[in-house]
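**Student:** Residue numbers (my numbering), protein chains in the order written: chain A, 1 to 244; chain B, 245 to 501.
Hints may be right or wrong, so weigh each one.
Claimed, not checked - Here are the simulated DSSO-like cross-link-like pairs (lysine-lysine), alpha carbons at most 27 Å apart as the crow flies:
1. B:Lys258 <-> A:Lys126
2. A:Lys133 <-> B:Lys411
3. A:Lys222 <-> A:Lys28
It is worth saying that the hints were derived from the structure and are not from the lab.
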Amino acid sequence: MIALEAKKLTKRFGQKTAVDSLDLQAEKGELLALLGVNGAGKTTTVRMFTCLSRPTEGEAFVNGMSVLTEQTKIKEIVGISPQDTAVSPLLTVRENLEMMARVCGEDAAGAKAAAGKMIALFRMEKEENTRAKTLSGGWQRRLSIAMALIGDPEVLFLDEPTLGLDVLARRELWQVIRALKGTVTVVLTTHYMEEAEALADRIAVMADGHLLTSGTLEELEKETGETGLENAFIALVERRGGNE
Amino acid sequence: MSNRVRAFASRNLKELLRDPLSYIFCLAFPLGMLIVMTLVDTSVPAEAGVTSFRIWNLTPGVAVFGQTFVMLFTALTVSKDRGSSFLVRMYASPMRSADFVFGYILPMLGIALAQAVITAAAGFVIGLIRGVSLSFPGILLCILTLLPSAVLMISLGLLFGTLFSEKAAPGLCSVLISLGSFLGGIWFDIESTGGVLLTVARCFPFVYCTRSARSALNLQLSFSDYGLPLLITVLFCAAFTALACFVFRSRMRADLA
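Turn these sequences into a full structure, and let the hints guide you.
**Tutor:** Quick look at the structure:
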């Protein structure tokens, strides 16, 4: 079953085209890594799927619902961890999580239980009563991702989730993301090739707003004749540069 | 009230109550002014005829002055949220523009109400020290009368916080605070000035907020003393609240375009 689908999805900001006629699909429960150099259009694509930005042309669907006409329903089933850490600074870790759970529709008891679950999942027991403002960047990022997950989203968008995390925190987060595979559809944008290699079922490569290719790692290697994602990615992007 | 509004309002209240600056500006500064101006009043000879610093006039004036700082903190909270990724996350949640607006207004209204009660209590105590007893019905009516002006100030804060950045909004609110305390007749009897100053003052809501609160405290409840200024305050309140809601909704739509 298709969970995410973009049909000729386009976004223009004045004269600049950030995303150009993007056709993309992700199966339910699949983890799709969206790769691209800076300005490739990854974040804009995520913003359109999460109803944070309206497409200029084309359409996108989340679990069959249109981002143009069913925004409220889509917002009830998606979670997003934005590129920048998005937490309420003077609230504690637990308060941030409970607040988000209640915004997602939980009552007080449900929010408390959901927050406890996330605190355990992200190993934040020691920090649960610490104000977000005083957490290190890595812990704030964990909290931000936990807040994206707390409403039990059917589709989760992680925009560069491990940026700024140390290697141990990154690996721990990978474990959490891996555990979601199969039940939650995850779209992960990242600049770390090893992250996409370790986590993604399929990889989509974007450049200058265009989708260059999408497929499994093996398919990308076969297409480019290179070994490893980093080499395949560079080959794809350079080929695109050479064609222009 | 929906779960979402409660959750967001509770978050905003906690953010405000945990910011030490809000105690300094929303509470300590107005109370300090109440004490300082009372001391000034003791130094002004009775024959000068200055009545603005008498405790029955000063307390409602300072209460309105304090509300202008609630406006400042509303603007700060909204502009700070708008400049951070936090609002991006909230925009991606099922929250609607009305949820945001109520979520900002309700906790600020609670703060403004607490501020009015504390100012009135301080005014009562200072009055007792100076041998003047402010009437309880007058105090209660004054606190109720201050509600529309509180909503007005919060709406102005919401408007400034929505339209301007975290850096610009507080500066512009400071201009409005100065304007409000000057044209509101808080520190001097603006009604006795006449001319252009009075005409200009009557174009802004502050003078009506102060006048209705003063009349309420002193139980001067004629239409001209109380009813009319209160009615004008309510009209300003309704107009600016509607404008703030409209502007917030429009900016939210523009952000999501």
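**Student:** Tell me if the straight-line CA distance from lysine 133 of chain A to lysine 411 of chain B falls inside 27 Å.
**Tutor:** 20 Å, holds
**Student:** Taking 27 Å as the top limit, are the C-alpha atoms of lysine 222 of chain A and lysine 28 of chain A close enough?
**Tutor:** 25 Å, holds
**Student:** Between lysine 258 of chain B and lysine 126 of chain A, is the straight-line Cα distance small enough, at 27 Å or below?
**Tutor:** 21 Å, holds
Violated hints for the displayed structure: none, as all numbered hints are satisfied.
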